[in-house]
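Student: Using the hints provided, position chain Z relative to the given structure of chain G.
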Amino acid sequence: MLAPSRRALLRLAGAGAVGLALPHRARAAITPAQRRFLFVFCEGGWDQTRVFHPPQDSGTLQVEPGASVVESGGLRFVDHAGRPAVRRFLEANAPRASFLHGIEVPSIAHARCQKLVTTGAAEGVADDWAAILGGEAQGAPLLPTLVASGPSTTDRHTSRVVRLGETGQLSGLLSGEAFARSDRPVQGLPTAVEAAVDAHVQARFAAAAQVSDPVWSERAREAEGALQDLADLRAAAGDLDLSIDPSVQVPDQVQPVLDALELGLSRVGCIRHMGLNHMGWDTHADNTALQTAHYETLFTDLEIILADLDARPGPAGGRLSDEVTVVVFSEMGRTPRDNATSGRDHWTFTSAMLVGGGIPGGRMAGGYDDLGLGRGVDLATGMPDDAGVGLTSRHFGATLLALGGVDPAAYVPGVDPVSWLV
Amino acid sequence: MRTLLAVLLAAGCGEAPCPEGEGRTAEGVCLPLATDEHAGDGDPTGVSTVEPLAAPRLARRMSLDIRGVLPTASELAEVEADPSAVERLRSGWLSDPRLEARLVHLFGAVWHTRVDRFDINYFEYDTLRDDPTVEHAFDRAVGEEPLRLMAWVATTDRPWQEILTTDRTRLPPLLLDLWPAESVSGGGGWQEARYTDGRPAAGVLATNGLWWRYPTSASNKNRTRAAAAARLLVCVDLLDREITVDRLGATDSEDAVRTSPECIGCHSVLDPMASTMSGFNPDNPHSGPETHRYHPEREHEGPTELGVSPAWFGTPVEDLGGLASTIADDPRFLPCTVSQLARGLWGRSPRPSDEAQLAAVVDALEAGGARLPVALAALMDGPTYRAGSQGAGGQEVTARWLWPDQLSTAVEAATGFRWSWLGFELLDDDTIGYRVLMGGVEGVATTAPQDRPGLAMAAVWKRVAEAAADHAVATELEAGRAGAGLLAGVSLSDVPGDPSFDDALSDLRWRLLAERDPEAEAALAELWSAVSAQAGPAVAWRAVVAALLRDPRFVTR
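As you go down the protein sequences, you meet chains G and Z in turn.
When we follow my numbering, the leftmost residue of the first sequence carries the number 1, and every step to the right adds one.
When we follow my numbering, the leftmost residue of the second sequence carries the number 1001, and every step to the right adds one.
These are calculated hints, taken from the structure and not from any lab test.
Predicted model, so just to flag it, every value in this text is computed and none were measured.
Built from N, CA and C at the ideal position, the CB exists for glycine as well.
Any given hint could be a false lead.
To spell it out: a stretch of chain G is covered by chain Z in this simulated footprint if at least three of its residues, at any positions, have a beta carbon under 8 Å from a beta carbon of chain Z; those stretches are [what the hints assert, rightly or not]:
id	region
1	105-112
2	158-172
3	208-222
Computed footprint of chain Z on chain G; a stretch qualifies when at least three of its residues, placed anywhere within it, have a C-beta under 8 Å from a C-beta of chain Z [said to hold, decoys possible]:
id	region
4	190-204
5	340-349
6	406-418
Next comes chain G alone, as it looks inside the complex (with noise of 0.2 Å):
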């Protein structure tokens, strides 16, 4: 967390802060316009039958030895001993989660079914939930979507999407820390002259932009544009540490992500969750231990992140939990038996997880059969409904607009957000 006098300085400099910074007793109600995302992505396919899908209440799919069912504060999931922090996370925060169950993601290939969950597309261009909410923020950040980590899709809003690098390496790029990362010595310009040669730059892509040539116009623009939050950036945030150390748990590494939310640089942020080690969720092979592991980290490591929103302030003046949903979800489901390896494959539908600001807590909206298929649902209830609507990747994606402000329907017509958890 920042020490509080710089966090001071930098609202003073504000430039394009998102919200107000007013006084705790004086926070005003979050709007879903003002509501902040942090997208965890847990890549390879987590197995939804170890929480989210019980599959006790099956009676005809594979129990997982040790587990039984547990239901706290309108949320029912599946508990085990060796996975504590499952149950402890649940219980602390049903008041403020919600499951998303059933999703329908119709591949079986990771590439595929990430573009499928992100962006509800799965051929062409498009841009992703994350890159859309930031996109639409309003008061321009300067960082609107911030990948910390994970896939990362973007269409018309790619000027929208910033990415940290793997390392963080934007930081020593905006505080010119990157020129002592050479083999030959370099030194940079001195202050006012790089200001002049930015303003001589900007300039050259203003005057770019003035063609009647739509897509140097639109691009030369959007570069200009690029350039002014460049220059803004460093100038509100230059000593920013955005670096990032993938080697460390996801509680550490997305500590760049959760200070830029708190500035209201950010919109959105995202960041990948690969499990225990970092070793990814596709078990193909020995699912029941991997799963396990994965899922007590994952879990943990939620409870600390939660810890940390609920510490910082928010731009709006309440906590930062207030602000954030956290999205927790992962590409692609689990075959809800064992394969010849004891591992699970790939399975079409999956679950999502929604925790924090503007979340109403306790629901679970869908569900699965015996069969460990996604069940219909009524959208405007929450409840499995055989004639209702099945559940795609785009009614997430809509459910996710819905919450940040954003009209669905400009970018996933015909298809209705889950109200229930709106």
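Tutor: Showing chain Z alone in chain G's frame:
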């Protein structure tokens, strides 16, 4: 040929048609087409409203795409005097040895093998265990193996089919020392080589580099590899199909792929391909020494485990070598390659409306003995490649950002500066470098280039430009060596208004941007004056060079 291209192009396009009278921009937005007598022939692309690049800018674009560097001053002079010189120069450039590296990057952006890390235990190699700084060179070498083989075929006057039929590969000394292979050509650097472990003559399909990028497992049974082969070689993405498990009749995956209607459609094609690849089956998929060796004794495992006979899209094949030669004869093979090249050169993916243009390139390639430079030249003769500017509704990507490798090589050739650190090429790496940050392809999480600018891209341009400018001024002007380098004609004692200053500035801008613009030159002179007044002429020249290296006309091609 046109039908095949139409199928290939349609498979990649999921966009709804625009209303009548509108065309889709490169960004996917429908805009009114310009009213133009030449567009009235039903061309929905707006290509007829596109103005081609002026000859010097075209030469610059070609030089960057073929060699990765700017045209020399004399080459620009030649083109300025005679625009038709572009084709003559291009002919020579297509024989330039630097084409090999460009092809590595062009195909690398599609084949996705130039990743920063492979899923193997590096400590099993003594060389890597003893010297971790070698690891980056190792990763690049592995990932480039299939690409270097392809580039070698392209640049040594061989028919393109040889990327599948040759028994050779290309390996550097680092891998020759570690892998079961021997050099054929000798010499340093990337060498013609041959594996000594009994693997068949199957070109890229017999390279470790391809299969390390697309690994398999006991349950996967080389299906990932078969899908990769289909996607990369004939542009058929078998994974690009919707499936839904609720129509599965069986609950076991291996039963389902044989019996379920939902699965058979793909697996009836995928599994026979995969059955030819079991010679690459590893006992331990994370062991380098295990996976770098071919296992002829396992060749029979594929058909047995998968319960199918080897085949390529229904055509029986004997083995992996037979698979490779069958692919080489597949009518989709050359069009797929052309499509991949077009993506790299056009700054966008091909669309159905490009069918005729691409068909002409494929025809030229076939007529030219399937020599890849013929396809490059044919693409570069087309209107899409040459698009320079366009009116309202135009859909061509006229602003094409430099790829990271192009920025790196162009800047180095111009200024002498290459940004490396601890042995890492920073514009070619993502672990500590800036490849993805500046819009490049990393190959796993980032599989397409970034076509639109963003803050990170702007930050990379900025710092590369500042570093290169500092290097050029320090090593040329301040070291008293201004003469033949970037700052030829520049003197620290000249000021704006002096003919020598004005000529040097104009010449500098011309050589970097390949266009003349008195207004822009005047603005640069003003920048120089303002900076010089504060910090002196050497810093002023740093500022000017940095400004030029970030200019929109420099960072685009």
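Student: Hint by hint, say whether it matches the structure.
Tutor: Against the structure, the hints:
no.: 1; hint: 105-112; result: holds (count 6)
no.: 2; hint: 158-172; result: holds (count 11)
no.: 3; hint: 208-222; result: holds (count 11)
no.: 4; hint: 190-204; result: holds (count 11)
no.: 5; hint: 340-349; result: holds (count 7)
no.: 6; hint: 406-418; result: violated (count 0)
Violated hints amount to a single one, hint 6; each of the other numbered hints is respected by the structure.
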